[in-house]
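Q: Below, each chain spelled out in residue letters.
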Amino acid sequence: MAVEVKVFQFNGCNKCFTESILLKLDSEDKVTYIENPKGWKEEKTDIAVITGYLLPEDGKILESITKNSKKVIGYGDCVTMGGIFALANQNGHKITPLKEFIDNASSINGCLGEIMELNQEIKGKSPVKLKGLCTVCKRKSTCDYMEAVHRQIEFEESDVCFNDLGYQCNGFVAQECKERCIDYDAPCRGCKPMVARSGIRMLGMFGTLMGNIEVATEHSVKGATDKLADEDDDITRSVPDVLGNFFRFTLPTSGLPQGRIPSTGSVLEDVFTGRLIEELPLIAGLLAGNKSISLVLNILEAYETGTKMEVGSCTKKIRKHLRKLEGDLGKATESQDAQQYKEITEKIRKIAGNMNLSNLFFGGFRSKITEYDNFDEYKAHPFDVVEGSYAHGCVEYKIDSDGKVTDFKIKEEAL
Amino acid sequence: MTSSEVGDFCDPMDAEIKAKIKNLVVFMCNECGQGAANTAGVARMGYDAAIRIVRVQCSGQVGPIQIMDALNNGADAVGVVGCCLGACHFFNGNILSMHRIKLMKKLFKELGYSDQFVNQWTARAAEGETSVGDFEDMVDRLAVAIKNKGTIKDGC
Numbered sequence: 001m002a003v004e005v006k007v008f009q010f011n012g013c014n015k016c017f018t019e020s021i022l023l024k025l026d027s028e029d030k031v032t033y034i035e036n037p038k039g040w041k042e043e044k045t046d047i048a049v050i051t052g053y054l055l056p057e058d059g060k061i062l063e064s065i066t067k068n069s070k071k072v073i074g075y076g077d078c079v080t081m082g083g084i085f086a087l088a089n090q091n092g093h094k095i096t097p098l099k100e101f102i103d104n105a106s107s108i109n110g111c112l113g114e115i116m117e118l119n120q121e122i123k124g125k126s127p128v129k130l131k132g133l134c135t136v137c138k139r140k141s142t143c144d145y146m147e148a149v150h151r152q153i154e155f156e157e158s159d160v161c162f163n164d165l166g167y168q169c170n171g172f173v174a175q176e177c178k179e180r181c182i183d184y185d186a187p188c189r190g191c192k193p194m195v196a197r198s199g200i201r202m203l204g205m206f207g208t209l210m211g212n213i214e215v216a217t218e219h220s221v222k223g224a225t226d227k228l229a230d231e232d233d234d235i236t237r238s239v240p241d242v243l244g245n246f247f248r249f250t251l252p253t254s255g256l257p258q259g260r261i262p263s264t265g266s267v268l269e270d271v272f273t274g275r276l277i278e279e280l281p282l283i284a285g286l287l288a289g290n291k292s293i294s295l296v297l298n299i300l301e302a303y304e305t306g307t308k309m310e311v312g313s314c315t316k317k318i319r320k321h322l323r324k325l326e327g328d329l330g331k332a333t334e335s336q337d338a339q340q341y342k343e344i345t346e347k348i349r350k351i352a353g354n355m356n357l358s359n360l361f362f363g364g365f366r367s368k369i370t371e372y373d374n375f376d377e378y379k380a381h382p383f384d385v386v387e388g389s390y391a392h393g394c395v396e397y398k399i400d401s402d403g404k405v406t407d408f409k410i411k412e413e414a415l
Numbered sequence: 416m417t418s419s420e421v422g423d424f425c426d427p428m429d430a431e432i433k434a435k436i437k438n439l440v441v442f443m444c445n446e447c448g449q450g451a452a453n454t455a456g457v458a459r460m461g462y463d464a465a466i467r468i469v470r471v472q473c474s475g476q477v478g479p480i481q482i483m484d485a486l487n488n489g490a491d492a493v494g495v496v497g498c499c500l501g502a503c504h505f506f507n508g509n510i511l512s513m514h515r516i517k518l519m520k521k522l523f524k525e526l527g528y529s530d531q532f533v534n535q536w537t538a539r540a541a542e543g544e545t546s547v548g549d550f551e552d553m554v555d556r557l558a559v560a561i562k563n564k565g566t567i568k569d570g571c
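Those sequence lines, one after another, are chains S and U.
Per the working numbering, the very first residue in the first sequence carries number 1; after that it's consecutive.
Per the working numbering, the very first residue in the second sequence carries number 416; after that it's consecutive.
The hints are simulated quantities; they were obtained by calculation from the structure and are not laboratory data.
A virtual CB, placed ideally from N, CA and C, is assigned to each residue, including glycine.
Certain hints may be false.
Only some residues are given here: those of chain U computed to face chain S with a beta carbon under 10 Å [to be verified]:
1) D429
2) R470
3) D484
4) K521
5) E525
6) L526
7) D530
8) K562
Label pairs and their computed distance ranges (CB to CB) [claimed, not checked]:
9) S:E100 x U:K564: 48 to 58 Å
10) S:S263 x U:A434: 50 to 60 Å
11) U:F505 x S:E156: 31 to 41 Å
12) S:V136 x U:N445: 53 to 63 Å
13) S:G92 x U:D463: 44 to 54 Å
14) S:G92 x U:Q472: 34 to 44 Å
15) S:V136 x U:F505: 25 to 35 Å
Here are the computed lysine-lysine pairs in the BS3-like style, where the Cα-Cα straight-line distance is at most 30 Å [as the list claims (entries may be wrong)]:
16) U:K524 x S:K94
17) U:K564 x S:K94
18) S:K99 x U:K562
19) S:K404 x U:K435
20) S:K409 x U:K524
21) U:K564 x S:K404
22) S:K94 x U:K435
23) S:K99 x U:K435
24) S:K94 x U:K562
25) U:K568 x S:K94
Model the full structure from these sequences, guided by the hints.
A: So this is what it looks like as structure tokens:
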């Protein structure tokens, strides 16, 4: 039976909103897209799909949407858990998950949310049972404590579990997903959690895995015994950004207190500030919607030109092709052509791995694009962190000696 | 920050701050931690009335989940007391929980709070004064955090 579906785009990235164009494929449902819910004339509908992150002031519109629809579905991490934008809650922003506004809304987690699951939910079918990400991961676990924590700047090819090697991966607490960053040598950041408060659980797990790394202790004068020291040690130095790595998508639902770091005023800039240089491409790929390819490439090229990193001609050629695909995707979205949208995204997925562009990295690509390529021509190489400020196109950022972003400027109109 | 610095910075007898310290949850391991508290009890040593002891089998059972549950349910600070270094009665539970708590402390700093309201100490079962000293240190550190408005309850 055909149902009436209305898709609402609230704040932030519009990746899930544009992905919902696929609802039109092979379906009799009447789907309408509302890009600006504030100007929406209240109409009755069967199903309301909410995308984009929510702020407390959106409560009124959400109330009228709930009143006018039989079922509300939150689609994508930004709605269900705060998503990547909620990292700005570290700086006092109040990005709120949907369940704090509406009690009985169903949610489809994931960044990007999976269209098949949304389709199932619209049709009222029971959700597909998903396995844990580790059970479908190609890498093998050794179950040993790690010897040292590594950062992705020193990446090496291997088929051993990321966490065993010392690269922090949230796969333990994640469900299998379509995006599968792990297939493109990018550790999972847990956009589709399997358990409640996944970030906190993963933090405890990773702390345990770090068991072989020395922790600083000091003499306690009052107790006349030892205690955990306050000073920086190998533990804190090797995980420079706890919040950005463990709570990337789940900060408002993790039970942690509201952050009190002074804000720069812009949500987008706050999300990037404090993150690590090697995480920037993936973060940019997650949050820039239909402009994510150009944002990622601008960030990469800024650093590459600034540090005079060698980039092969093959890499440049593939990147140029990606920029062109981004333009085509924009056109397909504008004309609401679902078939064309599907074809172009498939092409992007083939090169960039997934719609979060996990395969793009400094100096080239993380994994092989096709079997017959000469991978050496476009492979990403390990690189050094160089303190300084970098700019290219619409982005400008400064990084400190640890590789942490201290200042991030983005011309949002260029997005 | 060393204990002497804590002493210089904040007078533990500051009545206003003292009145704000109501619930200080301490997870104590069943072996050395709880043993030291028992010894202190036998010797009739006094300690702050805000201390709430939760007995756990090993300090290695305590992690971010337990700490956040305590803080979200009204604790002003959370302390963990385990066996001395190298003397865990199981294998190395006290060291493992230290790793987790160190990450928690870093997390609170990243969110803009003090890291003084979560920490781990050790105690010796035969010496009650070690656990009483740990409790005093916990109260002093929480007092500093409150004075700097660094606690989650913002001054409790």
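Q: Need the list of violated hint numbers for this structure, in ascending order.
A: 1, 2, 8, 9, 10, 12, 13, 18, 19, 23
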